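Asker: Residue-level listing of the chains:
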Amino acid sequence: MIGKLSRGVVLTIYALLIAIPLIVVFSGSFKTTSELFANSFGFPPKPSLDNYHEVLTGGNLATAFANSAVITVCSVVLTLFLASLAAYGISRIPGWKGVVLLGVFVVGMSVPTQANMIPQYVQFGQLGLLDSQFGLILINIVMTLPVAVFILGGFMKTLPTGLYEAAEIDGSGAWRTYVSIAMPLSAPSLAATATFLFVMHWNELLYPLMFISSDSKVTLPLALLRFQGEYLTNYPVLFAGVVLASVPIVIAYVFLQRYFVAGMTSGAVKG
Amino acid sequence: MTTTELIVTATAKKRRVGVRRAGRRTAPALYLFPVPALIIYVAFFIIPTLQTFQYSITNWDGYSAAFDYVGLKNFGRALTGDTLFTNALTNNMKFMGVVVVGQTAVALTMAVLLMKNTKTNVFLRALYFFPTILSSVSVGFIWKFVYDPNYGVINSILGSVGVQGPGFLGDATTAIYWLAVTQIWFHAGMMIVIFVAGLQAIPAELYEAAEVDGAGPWKRFTSITWPLIAPAMSIVVAYTTIQSFKAFDVVLSISGNPPSRALDILSTRIYSTFANSQFGYAAAESVLFIIFILVAVFVLRRFLRLIQRGES
Numbered sequence: 024m025i026g027k028l029s030r031g032v033v034l035t036i037y038a039l040l041i042a043i044p045l046i047v048v049f050s051g052s053f054k055t056t057s058e059l060f061a062n063s064f065g066f067p068p069k070p071s072l073d074n075y076h077e078v079l080t081g082g083n084l085a086t087a088f089a090n091s092a093v094i095t096v097c098s099v100v101l102t103l104f105l106a107s108l109a110a111y112g113i114s115r116i117p118g119w120k121g122v123v124l125l126g127v128f129v130v131g132m133s134v135p136t137q138a139n140m141i142p143q144y145v146q147f148g149q150l151g152l153l154d155s156q157f158g159l160i161l162i163n164i165v166m167t168l169p170v171a172v173f174i175l176g177g178f179m180k181t182l183p184t185g186l187y188e189a190a191e192i193d194g195s196g197a198w199r200t201y202v203s204i205a206m207p208l209s210a211p212s213l214a215a216t217a218t219f220l221f222v223m224h225w226n227e228l229l230y231p232l233m234f235i236s237s238d239s240k241v242t243l244p245l246a247l248l249r250f251q252g253e254y255l256t257n258y259p260v261l262f263a264g265v266v267l268a269s270v271p272i273v274i275a276y277v278f279l280q281r282y283f284v285a286g287m288t289s290g291a292v293k294g
Numbered sequence: 351m352t353t354t355e356l357i358v359t360a361t362a363k364k365r366r367v368g369v370r371r372a373g374r375r376t377a378p379a380l381y382l383f384p385v386p387a388l389i390i391y392v393a394f395f396i397i398p399t400l401q402t403f404q405y406s407i408t409n410w411d412g413y414s415a416a417f418d419y420v421g422l423k424n425f426g427r428a429l430t431g432d433t434l435f436t437n438a439l440t441n442n443m444k445f446m447g448v449v450v451v452g453q454t455a456v457a458l459t460m461a462v463l464l465m466k467n468t469k470t471n472v473f474l475r476a477l478y479f480f481p482t483i484l485s486s487v488s489v490g491f492i493w494k495f496v497y498d499p500n501y502g503v504i505n506s507i508l509g510s511v512g513v514q515g516p517g518f519l520g521d522a523t524t525a526i527y528w529l530a531v532t533q534i535w536f537h538a539g540m541m542i543v544i545f546v547a548g549l550q551a552i553p554a555e556l557y558e559a560a561e562v563d564g565a566g567p568w569k570r571f572t573s574i575t576w577p578l579i580a581p582a583m584s585i586v587v588a589y590t591t592i593q594s595f596k597a598f599d600v601v602l603s604i605s606g607n608p609p610s611r612a613l614d615i616l617s618t619r620i621y622s623t624f625a626n627s628q629f630g631y632a633a634a635e636s637v638l639f640i641i642f643i644l645v646a647v648f649v650l651r652r653f654l655r656l657i658q659r660g661e662s
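These protein sequence lines map, in sequence, to chains D and B.
For the record, in the first sequence the residue sitting at position 131 is 154 according to my numbering, with numbers rising by one throughout.
For the record, in the second sequence the residue sitting at position 307 is 657 according to my numbering, with numbers rising by one throughout.
Just so you know, not all the hints are guaranteed correct.
[Said to hold, decoys possible] Below 27 Å or equal to it, Euclidean Cα-Cα: the simulated DSSO-like pairs (lysine-lysine) are:
#, chain 1, residue 1, chain 2, residue 2
1, D, K240, B, K596
2, B, K466, D, K27
3, B, K596, D, K27
4, B, K596, B, K444
5, D, K120, D, K27
6, B, K466, B, K569
7, D, K27, B, K569
8, B, K569, B, K423
Simulated from the structure, these hints should not be mistaken for laboratory data.
Small disclaimer: the values here were computed from a predicted structure and weren't measured.
Working from the sequences, and respecting the hints, build out all of it.
Answerer: Pasting the structure below:
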């Protein structure tokens, strides 16, 4: 009885610790600064969209939102495509060759970003890919390939090879088998990987910070970070930015929660 | 036998037949599939990683055509002569210590309480996981306000009951620990999920048998859960350690770019060195950074194995 009660208390306190900051930020985004400072917890006395108007017009956030959307979608799709091709090939190459190939990719998961960002900056500069959306897409792909190959490869390894062989006896080539057998059967794993990549790419800050110099090319996290200088203590405007930047991911989380949890924990080693 | 097992055995049989019939070998086309990913990965990931080691022994500033190889001088400077770097290293160690212990303890406690797949538990796990999906920049902003000394969430509660709250991020001696709290809030949810999976893999009969033998909840925890949670624990500790070195966005957003000295950790230090056009030196700091991570993960895992063996 006491055990049950204390369990309930602990769980409730932790739930409040998680929820209160989020509620304060959400409700705060509809308040003025003085309303927020007077009462950060309550419902906004006169809910207003002024802060949203401010971030979207003054803060360049609309452009950043569009840039982030394009970059994230392209990065996720291309990473999934390249990684699933690799994972498919690797999972069907028998013996040590397959193991070594997988190992080459997996090693990348333990390499922290700081270990290659400086030469990458130089390299992308030489290729004229700094301050370009294509450059950001490419670097997103590069940095998440290891973890994507790891998750997808692990999954495809469990697919029964007999299915491939049956299809090939019926005359379909390796490509047809990839498209019509490996891909559909890997759908759950693809979905989990996609959500994981979505979170990673949508929230990416370091490379945009290094690469992007024009205002017209900023991504959301970068735009938000730049706000901090402009709206130093104008919390409600910052909060509106936070809410806008989080909306797509929160919506996706509500509907695809299972895949989020699966994808993000299997990618946990990378994070 | 489950359906998957049936499929697997059935296909295994089929496979042997197939092998005999066609004398199959791997289709050469299969080797082409990893090629596009491999090219990009080697060109833009592997090669730059190796170049970091090369840069680390130069004095290159990032734009001059000429530079010199300076041997291990950069490393000597970082470890002995550069207070900015040693400050970041000290901060990082404190940060890591609190995050690894705090996050693991919080996550394991919550996972034990949320182990069963009831509706409430599944909901709570989803709620606790929620911060993980937010961008680090958002989390930084949220906590900047939580910690605001005058109007922030914590101090306005304390103020209303007449208590003078702490200075949080403005207090140089404790700022890094408050940052650790933010990091735990941010990532504990994922660790809870990993622990829950680990706990659910422990056979329920063990607990039933222990209960029959009259073992109380604490006894059951120390003699069953603790030793058998080792694999999950090892993942959580390694991940948390790496994560606490890689925190970067959250520091910049909570403290600004460049961050205050009290919140400067290795990843932000390396970035600042890079941004100051000291590419060679920043690369040397990166190499040290990699070494620190490897050592930290190794030491913590050893330590973990020791205490887990000691108690079981």
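Asker: Let me make sure I understand: some of the numbered hints might not hold for this structure. Which ones are they, in numerical order?
Answerer: 3, 5, 8
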